[in-house]
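Q: Letter by letter, the chains look like this.
There are 2 protein chains.
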Amino acid sequence: MTTLQQFNQQMQPAIDQTMQGVVVSHPLIGEYRGLKEMLSYHLGWDVKFNRGEVQGKRIRPLLVLLTCAACNNNHWEKALPAAAAVELLHNFSLIHDDIEDRSPLRRGRETVWKKWGDALAINAGDALFSLSFEALHNLKQTCSDNVVIQALKIVNTTCVKLTGGQHLDISYENERAIGLEDYWRMIEGKTAALISASIQLGAVIGGASDQTQQYLAEFGRSLGIAFQIQDDWLGIWGDAARTGKSTESDLLAGKKSLPIVFALQNKGKFTERWLAGPIQPEEVGYLANLLIEEGAQSYTEKQAENYTHQALQSLESANLSNEAGQALHELALMLLKRNS
Amino acid sequence: MTTLQQFNQQMQPAIDQTMQGVVVSHPLIGEYRGLKEMLSYHLGWDVKFNRGEVQGKRIRPLLVLLTCAACNNNHWEKALPAAAAVELLHNFSLIHDDIEDRSPLRRGRETVWKKWGDALAINAGDALFSLSFEALHNLKQTCSDNVVIQALKIVNTTCVKLTGGQHLDISYENERAIGLEDYWRMIEGKTAALISASIQLGAVIGGASDQTQQYLAEFGRSLGIAFQIQDDWLGIWGDAARTGKSTESDLLAGKKSLPIVFALQNKGKFTERWLAGPIQPEEVGYLANLLIEEGAQSYTEKQAENYTHQALQSLESANLSNEAGQALHELALMLLKRNS
Numbered sequence: 001m002t003t004l005q006q007f008n009q010q011m012q013p014a015i016d017q018t019m020q021g022v023v024v025s026h027p028l029i030g031e032y033r034g035l036k037e038m039l040s041y042h043l044g045w046d047v048k049f050n051r052g053e054v055q056g057k058r059i060r061p062l063l064v065l066l067t068c069a070a071c072n073n074n075h076w077e078k079a080l081p082a083a084a085a086v087e088l089l090h091n092f093s094l095i096h097d098d099i100e101d102r103s104p105l106r107r108g109r110e111t112v113w114k115k116w117g118d119a120l121a122i123n124a125g126d127a128l129f130s131l132s133f134e135a136l137h138n139l140k141q142t143c144s145d146n147v148v149i150q151a152l153k154i155v156n157t158t159c160v161k162l163t164g165g166q167h168l169d170i171s172y173e174n175e176r177a178i179g180l181e182d183y184w185r186m187i188e189g190k191t192a193a194l195i196s197a198s199i200q201l202g203a204v205i206g207g208a209s210d211q212t213q214q215y216l217a218e219f220g221r222s223l224g225i226a227f228q229i230q231d232d233w234l235g236i237w238g239d240a241a242r243t244g245k246s247t248e249s250d251l252l253a254g255k256k257s258l259p260i261v262f263a264l265q266n267k268g269k270f271t272e273r274w275l276a277g278p279i280q281p282e283e284v285g286y287l288a289n290l291l292i293e294e295g296a297q298s299y300t301e302k303q304a305e306n307y308t309h310q311a312l313q314s315l316e317s318a319n320l321s322n323e324a325g326q327a328l329h330e331l332a333l334m335l336l337k338r339n340s
Numbered sequence: 001m002t003t004l005q006q007f008n009q010q011m012q013p014a015i016d017q018t019m020q021g022v023v024v025s026h027p028l029i030g031e032y033r034g035l036k037e038m039l040s041y042h043l044g045w046d047v048k049f050n051r052g053e054v055q056g057k058r059i060r061p062l063l064v065l066l067t068c069a070a071c072n073n074n075h076w077e078k079a080l081p082a083a084a085a086v087e088l089l090h091n092f093s094l095i096h097d098d099i100e101d102r103s104p105l106r107r108g109r110e111t112v113w114k115k116w117g118d119a120l121a122i123n124a125g126d127a128l129f130s131l132s133f134e135a136l137h138n139l140k141q142t143c144s145d146n147v148v149i150q151a152l153k154i155v156n157t158t159c160v161k162l163t164g165g166q167h168l169d170i171s172y173e174n175e176r177a178i179g180l181e182d183y184w185r186m187i188e189g190k191t192a193a194l195i196s197a198s199i200q201l202g203a204v205i206g207g208a209s210d211q212t213q214q215y216l217a218e219f220g221r222s223l224g225i226a227f228q229i230q231d232d233w234l235g236i237w238g239d240a241a242r243t244g245k246s247t248e249s250d251l252l253a254g255k256k257s258l259p260i261v262f263a264l265q266n267k268g269k270f271t272e273r274w275l276a277g278p279i280q281p282e283e284v285g286y287l288a289n290l291l292i293e294e295g296a297q298s299y300t301e302k303q304a305e306n307y308t309h310q311a312l313q314s315l316e317s318a319n320l321s322n323e324a325g326q327a328l329h330e331l332a333l334m335l336l337k338r339n340s
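Chain order of the listed sequences is A and B.
Residues in the first sequence are numbered from 1 upward in steps of one, following our numbering.
Residues in the second sequence are numbered from 1 upward in steps of one, following our numbering.
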């Protein structure tokens with residue numbers, strides 16, 4: 001078992017328990033049975049076996065805990081409230097995103113709005129938003145007031161960025177073409193912000209020096225951007241996307257992903273086809289190749305490499321050489337080189 | 001000019017300025033032009049004249065500031081970030097409530113979802129939620145870390161209550177009849193929580209003793225409940241409601257207000273008609289009278305009197321005898337005896 005796997009095995013049950021403590025065991029939520037049921041469903045606690053499949057990988061809380069441990073002599077327990085908070089916040093944004101995108105399925109099951117309707121789902125998202133901050137307040141038991149305030153402020157400012165990025169994403173849906181600058185601004189908020197915040201939280205709670213905190217913040221930002229670029233690559237050239245049988249290709253979804261936004265700058269054959277109207281499943285293979293011909297794949301890979309390189313360099317500068325530091329490095333590599 | 005009017009005249013522009021400082025002048029919001037425009041519209045800053053009509057009365061921030069001043073030798077400036085925060089939070093909940101209730105109009109203008117669609121509106125509400133906490137963090141400039149954390153916690157727990165109350169409200173829409181206990185639980189979250197929080201914030205920031213804080217918390221809770229009962233009374237027997245021409249009668253809206261919920265316990269003529277299906281405009285006058293005959297008006301008035309009495313008694317126990325204390329008393333009376 002690798003160091004990362006060892007940490008992961010210890011951390012995942014603790015993350016889950018902390019999340020449950022602040023959601024289903026919250027003294028107020030108990031009074032609203034229907035609401036508790038909705039949140040338990042979304043967070044996968046209604047499932048008895050193979051929960052992992054409906055709960056997602058919980059990467060963000062892992063980043064919080066590993067960063068804390070790397071700065072704090074391998075100890076991570078004191079960061080658990082923050083780890084729970086980022087995962088709850090991520091899940092709040094999923095509930096609302098699914099309504100906004102009209103997505104009927106999430107992790108193989110019906111989405112919350114599909115099951116309970118828009119009104120209750122919007123409100124359940126709001127409840128989870130509040131509960132994620134309830135989790136953060138529990139830091140008070142192990143951290144100084146100053147650290148608690150810093151943590152609350154990091155997460156809150158991240159929320160402003162998330163909603164800003166999401167605003168751009170929704171707005172772009174009505175535009176057939178956007179520029180590269182628009183793209184970078186959008187993913188900065190949508191993906192990079194919360195991943196970066198997770199790492200910053202771990203650093204602050206772990207008591208890292210200002211210099212280390214800064215390196216780690218840069219690591220988090222680059223990691224988040226590289227992660228999104230990787231996601232965009234997979235959305236066009238990943239196995240599931242290329243078959244064209246599934247709806248997993250970003251070409252079918254009309255998503256403003258990096259390869260597509262890049263190709264639209266060229267105003268070549270791809271642009272011509274894209275602007276002519278929605279893509280059909282049988283065109284997916286041809287267009288994925290056209291994107292390669294027009295340089296979109298090499299551009300995307302170049303950007304992914306750049307940000308990956310920056311991320312790893314910042315992490316190295318932070319100089320976290322204990323076991324948790326190694327596990328964090330391992331997790332970063334895994335996120336940056338994944339193929340699904 | 002009464003003492004309340006004098007304070008109000010000084011406070012309102014300061015509240016507005018603080019709110020603008022945290023929304024339109026927020027360094028991040030500036031990057032998302034469309035989002036800034038939506039929030040400015042909802043908060044009435046796009047209007048040049050008679051802004052008051054589209055901005056509402058801003059009673060909650062006034063409660064924060066007056067309570068702070070009453071505890072703090074008539075000084076209220078240090079509580080401005082909290083005053084802005086509760087008003088922003090109230091407005092976040094209005095944006096989402098309007099989507100959830102499909103209300104097309106708010107303060108005489110199109111609601112945010114009606115103008116920009118559900119997706120952008122849900123997200124704009126989330127942004128305002130986050131910005132209200134950004135406002136609270138500015139307390140750091142004038143308060144100790146401990147007070148900042150207390151304030152953040154008060155507001156956050158209030159959000160959990162708000163979403164709990166809203167969950168019940170939406171759930172009850174599909175039930176033709178609910179019990180009195182359900183009613184009390186719902187308004188505790190929907191209305192009383194934020195009014196009570198406003199007063200608690202003023203007390204904590206104003207440096208009130210634990211004993212005074214407790215009296216004021218009780219004052220806030222009773223005031224909030226009495227305020228809602230008053231609202232329910234007006235929704236059936238207020239001038240606008242009785243004409244039956246407008247849609248302002250809670251009878252037409254099928255709202256689970258106190259007089260209606262009370263009458264449904266009786267299982268008399270009113271219940272019979274209510275369970276038979278939606279009320280028509282021409283029945284409004286008759287049914288409003290039927291509610292009186294079945295004792296719903298006297299029950300509602302009795303409850304309003306009880307909570308009003310409790311509110312005023314708790315306020316008296318807090319013993320705030322300076323000018324701001326008098327103004328707070330005046331505001332409470334105004335809220336409890338209003339006729340529109």
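Worth flagging that the hints you see were computed from the coordinates, not collected in a lab.
Bear in mind the structure is a predicted one, so any value in this text is a computation, not a measurement.
Please note: incorrect hints may appear among the correct ones.
One copy or any two copies: either way a pair holds, since identical chains are not told apart in the list.
[To be verified] Derived pair list, reagent style DSS-like, types lysine-lysine, alpha-carbon separation capped at 30 Å:
id, residue 1, residue 2
1, K57, K302
2, K153, K267
3, K140, K78
4, K57, K267
Q: Does each hint hold? Answer for all of them.
A: Hint check:
Taking the shortest alpha-carbon separations for K57 and K302, only the intra-copy value of 27 Å comes in at or below 30 Å, while the best inter-copy value is 55 Å. Taking the shortest Cα distances, K153 and K267 never come within 30 Å of each other, neither inside one copy (43 Å) nor across copies (53 Å). With identical chains, the CA atoms of K140 and K78 are at most 30 Å apart both within one copy (10 Å) and between copies (24 Å). Taking CA atoms no more than 30 Å apart as the test, K57 paired with K267 passes in neither setting, with 38 Å inside one copy and 53 Å between copies.
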